[in-house]
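This is what each chain is made of:
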Amino acid sequence: MTFFSAKGISIEFGGIRAVDNVSFDVDKGSIYTIVGPNGAGKTTIFNIISRIYNLTSGKITFEDQDITHLPTHQVVSRGIARTFQNIELFDHATVLHNLLIGRHIHCKSGLLSDLFFLPSVKRMELEHRRRVEDVIDFLDLQHYRDQLIQNLPYGVRKIVELGRALCTDPKMVLLDEPASGLNVDETEDMAFWIDDIKKLLGITVIMVEHNMSLVSQVSDRVLAINYGKVLAEGSPREVQENPEVIKAYLGEEDVR
Amino acid sequence: MGHPFPFSYEILLPGLPIFWHTFYLFGSRSEFTIFAPDNGRSRLELLQVLITGLGQGCLYGLIALGFVLIYKATEIVNFAQGDLLMMGAFFGVTFIGIMKLPFGLGLLTTLLAMAVFGYLLDKLIIRSMIGESQFSVIILTISIGFILRSVAGGIWGNDLLALETPYSGEMANIYGLMISQEYLVVIAGTIVLSLALFLFFRHSSLGIAMQAASQNQLAAYYMGIPVKRVFSLIWAISALVSGVAGTLMAPISLVSPEMGFIGIKAFAAAVIGGFGSLPGALIGGLIIGCSEQLAGSYLPPGFQKVTAYLIMFLVLTLRPQGLFTQIQQKKV
Amino acid sequence: MRFIFKTSYLQDIRLLKHNGYVFWYGLLLIAILLAPLLLDEFYIGEMAFIFIYAIAGLGLMIPVGFTGLPSLGHAAFMAIGAYTNAYLLSSGYSFLLSVALAGIISSLVGGLIAVPLKRMTGIYFAIATLAFAIIVEEIIVHWESVTGGLGGLAVDYPVILGFEMGETWQFYFICLIVLLLVLLGTLNLIRSPSGRAFIAIRDSEISAESMGINLSYYKIKSFAISGLFTGLAGALFAHRLAYLAPDAFNFLLSIQLLMMVVVGGLGTVHGAILGAIFVGLLPQAIAIAKDYLPPFIGEFPGLEPGLFGVILVLFIVFEPMGLYGRWIKFKLFLEMFPLYRKATFKRQKSYLKTERVQ
Chain G
1 MTFFSAKGIS IEFGGIRAVD NVSFDVDKGS IYTIVGPNGA GKTTIFNIIS
51 RIYNLTSGKI TFEDQDITHL PTHQVVSRGI ARTFQNIELF DHATVLHNLL
101 IGRHIHCKSG LLSDLFFLPS VKRMELEHRR RVEDVIDFLD LQHYRDQLIQ
151 NLPYGVRKIV ELGRALCTDP KMVLLDEPAS GLNVDETEDM AFWIDDIKKL
201 LGITVIMVEH NMSLVSQVSD RVLAINYGKV LAEGSPREVQ ENPEVIKAYL
251 GEEDVR
Chain H
1 MGHPFPFSYE ILLPGLPIFW HTFYLFGSRS EFTIFAPDNG RSRLELLQVL
51 ITGLGQGCLY GLIALGFVLI YKATEIVNFA QGDLLMMGAF FGVTFIGIMK
101 LPFGLGLLTT LLAMAVFGYL LDKLIIRSMI GESQFSVIIL TISIGFILRS
151 VAGGIWGNDL LALETPYSGE MANIYGLMIS QEYLVVIAGT IVLSLALFLF
201 FRHSSLGIAM QAASQNQLAA YYMGIPVKRV FSLIWAISAL VSGVAGTLMA
251 PISLVSPEMG FIGIKAFAAA VIGGFGSLPG ALIGGLIIGC SEQLAGSYLP
301 PGFQKVTAYL IMFLVLTLRP QGLFTQIQQK KV
Chain L
1 MRFIFKTSYL QDIRLLKHNG YVFWYGLLLI AILLAPLLLD EFYIGEMAFI
51 FIYAIAGLGL MIPVGFTGLP SLGHAAFMAI GAYTNAYLLS SGYSFLLSVA
101 LAGIISSLVG GLIAVPLKRM TGIYFAIATL AFAIIVEEII VHWESVTGGL
151 GGLAVDYPVI LGFEMGETWQ FYFICLIVLL LVLLGTLNLI RSPSGRAFIA
201 IRDSEISAES MGINLSYYKI KSFAISGLFT GLAGALFAHR LAYLAPDAFN
251 FLLSIQLLMM VVVGGLGTVH GAILGAIFVG LLPQAIAIAK DYLPPFIGEF
301 PGLEPGLFGV ILVLFIVFEP MGLYGRWIKF KLFLEMFPLY RKATFKRQKS
351 YLKTERVQ
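Chains as they are written, first to last, in this note's numbering: chain G, 1 to 256; chain H, 1 to 332; chain L, 1 to 358.
Hints may contain errors.
[Unchecked claim] Quick list of simulated restraints, FRET-style, between CB atoms: (1) Phe330/L with Leu195/H: 53 to 61 Å; (2) Lys7/G with Ser204/H: 49 to 57 Å; (3) Tyr292/L with Leu195/H: 53 to 61 Å; (4) Asn158/H with Val22/L: 49 to 57 Å; (5) Ser204/H with Arg326/L: 45 to 53 Å.
[Unchecked claim] Stretches of chain L that chain H covers, calculated by requiring three or more beta carbons in the stretch to come under 8 Å of a beta carbon on chain H: (6) 116-123; (7) 126-140; (8) 153-159.
In case anyone wonders, no lab produced these hints; they're calculated from the structure. Here a beta-carbon is modelled for each residue, glycine too, at the ideal position from N, C-alpha and C.
Same shape as in the complex, but just chain G:
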């Protein structure tokens, strides 16, 4: 049984194949990284998995269930949470509020019970709050709990977004460039957290990342793509030494 697998996924935008027949499998409990030059189609793959885009052809399975045509909002209840490249937090809400929204799929209350804030809702809210506090402790966010997102520095927002994904109790998280825009120290911290997510929480990670030191530090397997096509797949070392990949990054040598 494969934990997560994408088979021959392709997507077309106005005749351009942004992702072209890409297949890969991810093992449970591993960290899988997608690398590639800008515009290679990495984020597009994430958007396909989290069903923001409809793919043109191909199939995605998660825990042996076909999730290719799931409505967008149901992906996360299957256990796949994600972060965004340019941070999509709820800017006018507090950190706590954002993390509580991460608990949304576990909130089971109706409109009427919400309007009257019945004791059952209250009990549930306290329970969710406890779960959120676990994540706050895990990511050291105590200090920022009641701050509005719009007042937070970029690095902290990245972590809050990661925290929000963790609050959904996911089986797998998709991290879209978790270290982009972070300084060296913050990147180090991020590397530890990603490692902790895998080792302590047992959550599978698929990530898109440019920072090769971070990639080789945490990844179990790496997929390199360019122009929407697979260039190489293997251990971080194998991929880094692959001549195709080097060519894609450094450009072809001119033949005179």
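Let chain G serve as the given structure and place chains H and L on it in line with the hints.
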């Protein structure tokens, strides 16, 4: 024009006028006397209705045009576009009707005044809102509409004014079709204005700069295009177009501060034509104008007023992003 | 500055965060309860009017302020509530039942209209709601057997358990009770999962969706609740008007409602209430000011809508956070004196095209 259905629709389906509408549309075919091929008089009637619709539609199209111009360039949705038309009509009445300028000169003065007005409106108020949320801008322009209406009422009074033109009151007889000349002038004016705008955007350097600024504000700015001034000029052009529409409309319907509400129908036109396309806005206007006149002639009273909105609602329900998607999806 | 030591998660859920709140809001409630004894009947009537506005303001705040759905057509829900109530009263229903039904029917209409609306974004949504309101107005004009058309419809006095509630103070308390219920409902809503989902949709639809929030479902929900509250306000508004005519529910009313939430402060419960007070008092203020202004301005036709426009422009340009935002700043200024910096509340502008699309 006689109402084809003799009794009140409430007898048929009390309380469900909208459903009755569909019932009528898909109901027995014999109701559609108008499409009966042997009925020559009805066909003539239909033609007349359609031409009136075209004239009316041109007015909607012109307002929609002004509205799309601004939207395309600055992403500002100008809810005061109809009130700009109202201002244009009042300027026309002032210069042509009250100050007794010759029609051509009066029209030119009106257009000039409108252009200056549009330029200043952007420079003094709208410009400070660039970069604010769309919702704030919507409220801002709605409020400006209210202010304009109030100011116009204060200056010109709330009574209905009429505008006499050299061509008003005359009927043109084209192969037995009696068409009032006002509508013919509206149609001709719209064609001339559209051509002028087309040439302006295609060939003049200012027009091309405007297109560049609407594609990418920042890049245009770096290329040395004074984006802010270009935006103000676009407001000027848009106000000018509304001025044309206002002056053309003034002889047809009486001029009053409330006439700006026609702008809401122009929204429908813009929506139907796809928000970002100038020809689309015109076509949308024509569709609205014609169907409105048809509804007025062949449907129970009340439908004429809401036809535009019903069509728009239908279009938006089937295509929530508009017919031609010009509004981009946010990238993540 | 007050620091609150939190010792329990419950503290974050409480409606009244600390004893200061309990004291001041308690005082306010007592003042409102005693008002009919102390004030002139005219003022009581005006206060009842403000309560009605506040109910509608809360109703509009839910889609506009919390869910980010810019409705320009909420006068339609007022109209539906008002006409339903008036019609049911005239057909012999009891007051309580007819008001409740007015709210429920308006809520159903809200939910139904949200079905096509839910997929529209930004400007299209705004225009479509505007069209909806115009269509409703037109239906009222032409559905004469129920609404009386242009001729209008008289509204009977409310009768509760056989007691006729014709007195101003009685109506005042009816409005107050409804307002308190609606207020409680709104507060409950925004501290519950539904309210959180609304706010998430407002701030980022894509993110909300990927957090498992069913956009369609919650947008419909938001409009249904909004319809309920605004419909209730409409039902009470009918009694205030005593005689219903379609033009009482035109575009101007929609804008008045919108003005309440914008001037009060978008996205806050306080904002809806403050906005209602503002909009409720404005005509009185204008009437008083008219006596003192030179006749050229005082006799200006269409002064009121024009002033509405001017006030809205001033707020949008200079204080987009509304009256409540101003109050928060003032409070912070006092608390932090002399360390307050203007930049604390600097607005973020977005210049990228895609950023503004939503």
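Here's how the hints hold up against the structure:
1. Take Phe330/L and Leu195/H: their Cβ atoms lie about 57 Å apart, and the range 53 to 61 Å holds.
2. For Lys7/G paired with Ser204/H, a C-beta distance near 54 Å keeps the hint of 49 to 57 Å intact.
3. Separated by about 55 Å at the C-beta atoms, Tyr292/L and Leu195/H satisfy the suggested range of 53 to 61 Å.
4. Asn158/H and Val22/L have their C-beta atoms about 52 Å apart, which keeps the hinted 49 to 57 Å range intact.
5. Against the hinted window of 45 to 53 Å, the Cβ-Cβ separation of Ser204/H and Arg326/L comes to about 47 Å, which satisfies the hint.
6. Check result for the region 116-123 of chain L against chain H: holds, 6 residues qualifying (beta carbon to beta carbon below 8 Å, three or more required).
7. Counting residues of the region 126-140 of chain L whose C-beta lies closer than 8 Å to any C-beta of chain H gives 10; at least three are required, and the coverage claim holds.
8. Look at the region 153-159 of chain L against chain H: 0 of its residues bring a Cβ nearer than 8 Å to a Cβ of that chain, fewer than three, so the hint is violated.
The structure is inconsistent with hint 8 alone, although it conforms to all the rest.
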